[in-house]
Amino acid sequence: MIDDRKSGSGGRYALIALAIAFLALFLMLPLVAVFVEALSKGIAAYGAAIVEPDALAAIRLTLLVVAISVPLNIVFGIAAAWAIAKFDFPGKSLLISFIDLPFSVSPVVAGLIYVLLFGAQGWLGPWLRAHDIEIIFAVPGILLATIFVTFPFVARELIPLMSEQGRDDEEASLSLGASGFQTFWRVTLPNIRWGLLYGVLLCNARAMGEFGAVSVVSGHLRGLTNTMPLHVEILYNEYNFVAAFAVASLLALLALVTLILKSIVEWRFDYHRGSAGH
Amino acid sequence: MEIALSSPLQMTTVPAQAGKPKSKSIIPGFGLTMGLTIAWLSLVVLIPLSTVFIRSAGMGWSDFVAVGFSERAMAAYKVSFGTALAAALVNAVFGLLTAWVLVRYRFPGRRIVNALVDLPFALPTAVAGIALTAIYAGNGWIGQYLEPLGIQVAYNPIGITVALIFIGLPFIVRSVEPVLEDLSAEVEEAALSLGARPWQVFARVILPAILPALLTGFALAFARGVGEYGSVIFIAGNMPFKSEIAPLLIITQLEQYNYAAATAIATVMLVASFIMLLLINLIQAWSRRRVNG
Numbered sequence: 002m003i004d005d006r007k008s009g010s011g012g013r014y015a016l017i018a019l020a021i022a023f024l025a026l027f028l029m030l031p032l033v034a035v036f037v038e039a040l041s042k043g044i045a046a047y048g049a050a051i052v053e054p055d056a057l058a059a060i061r062l063t064l065l066v067v068a069i070s071v072p073l074n075i076v077f078g079i080a081a082a083w084a085i086a087k088f089d090f091p092g093k094s095l096l097i098s099f100i101d102l103p104f105s106v107s108p109v110v111a112g113l114i115y116v117l118l119f120g121a122q123g124w125l126g127p128w129l130r131a132h133d134i135e136i137i138f139a140v141p142g143i144l145l146a147t148i149f150v151t152f153p154f155v156a157r158e159l160i161p162l163m164s165e166q167g168r169d170d171e172e173a174s175l176s177l178g179a180s181g182f183q184t185f186w187r188v189t190l191p192n193i194r195w196g197l198l199y200g201v202l203l204c205n206a207r208a209m210g211e212f213g214a215v216s217v218v219s220g221h222l223r224g225l226t227n228t229m230p231l232h233v234e235i236l237y238n239e240y241n242f243v244a245a246f247a248v249a250s251l252l253a254l255l256a257l258v259t260l261i262l263k264s265i266v267e268w269r270f271d272y273h274r275g276s277a278g279h
Numbered sequence: 004m005e006i007a008l009s010s011p012l013q014m015t016t017v018p019a020q021a022g023k024p025k026s027k028s029i030i031p032g033f034g035l036t037m038g039l040t041i042a043w044l045s046l047v048v049l050i051p052l053s054t055v056f057i058r059s060a061g062m063g064w065s066d067f068v069a070v071g072f073s074e075r076a077m078a079a080y081k082v083s084f085g086t087a088l089a090a091a092l093v094n095a096v097f098g099l100l101t102a103w104v105l106v107r108y109r110f111p112g113r114r115i116v117n118a119l120v121d122l123p124f125a126l127p128t129a130v131a132g133i134a135l136t137a138i139y140a141g142n143g144w145i146g147q148y149l150e151p152l153g154i155q156v157a158y159n160p161i162g163i164t165v166a167l168i169f170i171g172l173p174f175i176v177r178s179v180e181p182v183l184e185d186l187s188a189e190v191e192e193a194a195l196s197l198g199a200r201p202w203q204v205f206a207r208v209i210l211p212a213i214l215p216a217l218l219t220g221f222a223l224a225f226a227r228g229v230g231e232y233g234s235v236i237f238i239a240g241n242m243p244f245k246s247e248i249a250p251l252l253i254i255t256q257l258e259q260y261n262y263a264a265a266t267a268i269a270t271v272m273l274v275a276s277f278i279m280l281l282l283i284n285l286i287q288a289w290s291r292r293r294v295n296g
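As you go down the protein sequences, you meet chains A and B in turn.
All the letters of the first sequence, read from the start, carry residue numbers 2 to 279 under the numbering used here.
All the letters of the second sequence, read from the start, carry residue numbers 4 to 296 under the numbering used here.
Source of the hints: derived by calculation from the structure; they are not laboratory data.
Yeah, the Cβ is synthetic: ideal placement off N, Cα and C, and Gly gets one too.
Hints may contain errors.
What the hints assert, rightly or not - Derived DEER-like restraints, expressed as beta-carbon distance ranges:
| hint | chain 1 | residue 1 | chain 2 | residue 2 | range |
| --- | --- | --- | --- | --- | --- |
| 1 | B | 258 | A | 54 | 37 to 47 angstroms |
| 2 | A | 177 | B | 205 | 50 to 60 angstroms |
| 3 | A | 261 | B | 285 | 34 to 44 angstroms |
| 4 | A | 221 | B | 189 | 51 to 61 angstroms |
| 5 | A | 238 | B | 245 | 13 to 23 angstroms |
Said to hold, decoys possible - Derived list of chain B stretches under chain A, where covered just means 3 residues or more per stretch with a C-beta under 8 angstroms from a C-beta of chain A:
| hint | stretch |
| --- | --- |
| 6 | 68–78 |
| 7 | 267–276 |
Construct the complete structure from the given sequences, taking the supplied hints into account.
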């Protein structure tokens, strides 16, 4: 902390003011705009937009996608972190790069790859059609696209955390006679719980809010394959701004809750900032 | 390895001997967790991604160039890469400023500011897109004051840049922050007490130390910006040759059943993002060497 620097406190306050002004303009203002626009025609119009059947269907679909994709991400993330952090094997850094890959792929490309695989013109398209299986323009496609874009979230929180914790605790537990599963449940899981929660929070926010990848595979069928972000887009393109911002405000609330929980994990448990590298 | 999926990529990932950890460990579950990881990774990420390259390879070079580097595609790359670069540059300056203020100063509301920095990670991109449009459109909150001045933000590349500034900011702040925290204030105080001016301290002491982190954050923000779709399309105007981004062109081609063009453009973008990924890794390796050496 440099409070008594020669550069003087004038420069300090100018820097703080400049940073806050920038963040207020570019981050805070859009967030405020969502709620103000959503309530611009009164609370009744706001409520009506949210309980409208297509909006409710979109909310249900989004919750369904999250309920499937987040647990899968947790299982995969823990398995990948266990294999990578507790064992030595050649090609480890390449494997980590592959796990991170979805972060550097455009969401639109993420959707496209499933169209190329499962779409009517895709490799498996004719076979799927013959067996009456719908993936593209249906819920399974939306699920796959969501799983792709959220792929690294839990794994990349746990890999550094578990690597740093090493394997002493687990080896002690095992040599005292605990089974592998008991060791995982009683020793490893308590050690990684805040990192896991942190990854799940970010994974959940992304799964609920994913737009580009889901947009490519959804087909935008109202009431059927519309997630909340896609429903926002449709309403907006129909110039139904109040309804678009009303549904958007639910997603913005989700973002606020995510940020608050994330901050609590960081402050209370000193996770990520400070203690993660001790 | 009990998984017998025949992905060519899988062979390079885990050589045959990988089943046996080098140091004999009593910890169980390597086969199970590694098998699950490789299987899930191959099914969800590697095999689907490889379809883009295999389809492109089947097109023949001249066909690929004709659709992947068509005039319209080139214009779209220019918009995507140009706006992403501009946004990353703005973010490099203000992201560094934000990180500096958060690490070095204590002020009321600091924790709220710190939480707010992560908003772009938590707010769905489509929500950000319509909110930014409401602010910067000709009749919008800020747009109505800019329009009389002849400044049109929404529906042209400036609007795209504004959206990408929103999306990219946390990458820079969160990359630079830990390095600034580790930077001891004593070195700066020594420089100051030896008569250096504050800007000299910044240019000679602080900037060299944080440069790798700043470059990493810059590359991450840039890479994210190039592929960004949701926050951009509402504010972009989406005029071909003017404000059409490459991801949107992929969707447009797909909607017209022009799979070859969509695939070729996706391949160009994937190759670009792999190159950026490589650069980020090189920067990090370089900074590790600097720290250790």
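- Taking the numbered hints from earlier one at a time, note which ones the structure violates and give those numbers from smallest to largest. 1, 6
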